[in-house]
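Asker: Turn these sequences into a full structure, and let the hints guide you.
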Amino acid sequence: MQLRSLLEKFNPGLAIDAELAALESGADLAQDSPPGVEDGAAREDYEWNEASSNASPNGGNVSSAAQKDGMAILPSINSGYLGRSSGSEILQEVTALLPPSTILSPSDEPHPHPAQPTTRGAGLDPSQLASSVVINTLIDGYFRLYNTSYPILHEATFRNEVANQDRVCTHPTWRIIYYMVLAIGSWLLENNTTPEQCPFYSAARSRISMQVFEAGTTRTVQGLLLMGNYLQKRDRPNTGYSLIGLAQRIAFGIGLHRERTSAEDKIALERHRQLFWVVYCFDSGFSITTGRPMAVLEGFIDQALPRNIDDRDCDNSSVVPTPVNYPTTYSALIAQAQLAKIANGIHHEFLCAKTANQKMEYQLAEIMAQKLDAWRDSLPDYFTSSDVPAWFMGPRSIVLWKEQNLRILLWRGTKKVHPYLPSRMDSRGRCLDAAMETIQSISSFVTSSETTLHPGISWYTTYFIFQAILVLEASCLGRSVQPDQDFPCDSSGWETSVSAATQCLERLAQRSNSAALCLEFIERIHRSAGWKAGEVSGTQLDSTQQATDGVLAFDYLFDPTVWTSEMDNIATDPVLRDLIGEAFLDFDAVLTAPCGSD
35 MQLRSLLEKF NPGLAIDAEL AALESGADLA QDSPPGVEDG AAREDYEWNE
85 ASSNASPNGG NVSSAAQKDG MAILPSINSG YLGRSSGSEI LQEVTALLPP
135 STILSPSDEP HPHPAQPTTR GAGLDPSQLA SSVVINTLID GYFRLYNTSY
185 PILHEATFRN EVANQDRVCT HPTWRIIYYM VLAIGSWLLE NNTTPEQCPF
235 YSAARSRISM QVFEAGTTRT VQGLLLMGNY LQKRDRPNTG YSLIGLAQRI
285 AFGIGLHRER TSAEDKIALE RHRQLFWVVY CFDSGFSITT GRPMAVLEGF
335 IDQALPRNID DRDCDNSSVV PTPVNYPTTY SALIAQAQLA KIANGIHHEF
385 LCAKTANQKM EYQLAEIMAQ KLDAWRDSLP DYFTSSDVPA WFMGPRSIVL
435 WKEQNLRILL WRGTKKVHPY LPSRMDSRGR CLDAAMETIQ SISSFVTSSE
485 TTLHPGISWY TTYFIFQAIL VLEASCLGRS VQPDQDFPCD SSGWETSVSA
535 ATQCLERLAQ RSNSAALCLE FIERIHRSAG WKAGEVSGTQ LDSTQQATDG
585 VLAFDYLFDP TVWTSEMDNI ATDPVLRDLI GEAFLDFDAV LTAPCGSD
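520 is the number that the numbering used here gives to position 486 of the sequence shown; each next residue is one higher, with no gaps.
What the hints contain is simulated information worked out from the structure, not anything from laboratory work. All residues carry an ideal CB built from backbone N, CA and C; glycine is no exception. Keep in mind that a hint or two might mislead.
[Stated by the list, open to error] Straight line, CA to CA, 25 Å or less: simulated DMTMM-like cross-link-like pairs of lysine to aspartate or glutamate:
id, residue 1, residue 2
1, LYS300, GLU224
2, LYS405, ASP349
3, LYS375, GLU400
4, LYS405, ASP467
5, LYS375, GLU471
[Stated by the list, open to error] Pairwise CB distance ranges, derived in the manner of DEER restraints:
id, residue 1, residue 2, range
6, MET459, THR418, 35 to 45 Å
7, TRP425, ILE335, 22 to 32 Å
8, ARG201, THR418, 18 to 28 Å
9, ARG410, THR251, 33 to 43 Å
Answerer: Structural data, given as structure tokens:
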């Protein structure tokens, strides 16, 4: 009644009962509207909606066509902006080489999740959140399988806080960290519930409020990083991207990017280094995955790299121990941070050239490749030795696969030949070599380590091997429609690599829904490509169609800037125009000014 009196006092003409009735009616109408659809306007932007309300009401899977893709490879109307370095760009290149009638969208049949283990704590209800056995198992899984790649937390410190949480850990930010550790541990131990079905993620999500963002602390950065990376791996990439962006802003706000001087070399300052370089690696990797601009400017960073220390028995007041020459929790992060510096330069040049509808100069790409060579040569022996702890095999392999993926990106975006040294291997051949090396490395790892694969590693193996196989598919599709051209595609090597990649995806698909979707795409490409190849070899195409296929097969894939007016023959096809993109057909807008390097 007091609220009604106040409303009548400040707005005497307000019909309160009528307004309440209208509000309830409007709410009912809003609930009947499909989520993510705006009234009166077609969706013509990159807006996205990854709210948990989009899940099917019964908790099951939505159709694969509506599923989100944390790897930014498969087509989706809900993917947000995906730029030229994203895996979806390669898929579009492959699509452009197939018959115009080919549809490579996922089937509408739902892909069931792999069978869920019954002994790993699947289907926990909130009343079990306090079970010490479950909690300890999930914390063990987090630190063994996740923190060894991204050391966001210090294990001894966190376990001590858990043991004393009733006394020292009542702040909501710590609770976010705590529940996200349990959520990530649950996911890595193969509890295949979706994020909205995971009680630990729901508990962490419920702690997010404005109060969290009204204080800039390292715990806030840690909690947002954990939640953001978890959501990316669980196919909520845009939400994860936003949370990691918030973590990055807070990290800058508390000065994690600046080296601090101190009379004593304490662990507390080393923690700042470790946390900042995790932020840096997440920004670099996420930007390349999605083809979006990077937020970190190199000239403003002077934070030193973390050191390879064994600090299991240290606390924040301890003096930093002497670096060691064996794998530690920070070994993979150090190598990845060094690689991310090079990756950011490659990504900058790649996007700068693509924005101008150009390709990188061969000489510049060689300089970048030499930096990658130097990085690989500088790695400690335990990155190549077989005599390493089993827990380190996964983190080091992921770092090495990232380097191979960078080589694919580098040479895919480079002009074909060196302008002054034509004897150098052309960029297409070097790109294919990198793709085949990626497939060989990942296939060997999956075959030899199949019993120790967990969802975190499976996510990376699927992401990298799918991009590599798409590069091979694109090359040989070009060769099939233009056999007289010098395409760097050895048939025996191609068949061996594609077969190995397909078998690898088949193994991964037994436990990974993303791998099953990628395998479906490869099978559709093979069916469409086989039909196309038969048509080309068995019939005489008219000259217009031959010219069109030649442009699609050769020029679009390897150098869009050499297109000629023959493209006008396909410019009226709305399907091809949509696949290729308006930018490639607007020759008057092509910029010729070279892009400066960092």
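Asker: Each hint: holds or not?
Answerer: We went through each hint and held it up to the structure:
About 38 Å separates the Cα atoms of LYS300 and GLU224, which puts this hinted pair outside 25 Å; it is violated. Taking the CA atoms of LYS405 and ASP349, the gap is near 36 Å; set against the 25 Å cutoff, the hint is violated. Proximity of LYS375 to GLU400 is assessed by CA-CA distance (about 16 Å); at most 25 Å being required, the pair is judged to hold. For the given pair, LYS405 sits about 18 Å from ASP467 by alpha-carbon distance, which is consistent with the 25 Å threshold.
This hinted pair checks out: LYS375 and GLU471 have alpha carbons roughly 22 Å apart, not beyond 25 Å. Judged by the Cβ atoms, the range 35 to 45 Å given for MET459 and THR418 is violated: they are separated by roughly 24 Å. Separated by about 30 Å at the C-beta atoms, TRP425 and ILE335 satisfy the suggested range of 22 to 32 Å. The given range of 18 to 28 Å is broken by ARG201 and THR418, whose C-beta atoms sit roughly 46 Å from each other.
For the pair ARG410 and THR251, the beta carbons lie near 37 Å from each other, so the given range of 33 to 43 Å is met.
Checked against the numbered hints given earlier, the structure breaks hints 1, 2, 6, 8 and satisfies all the rest.
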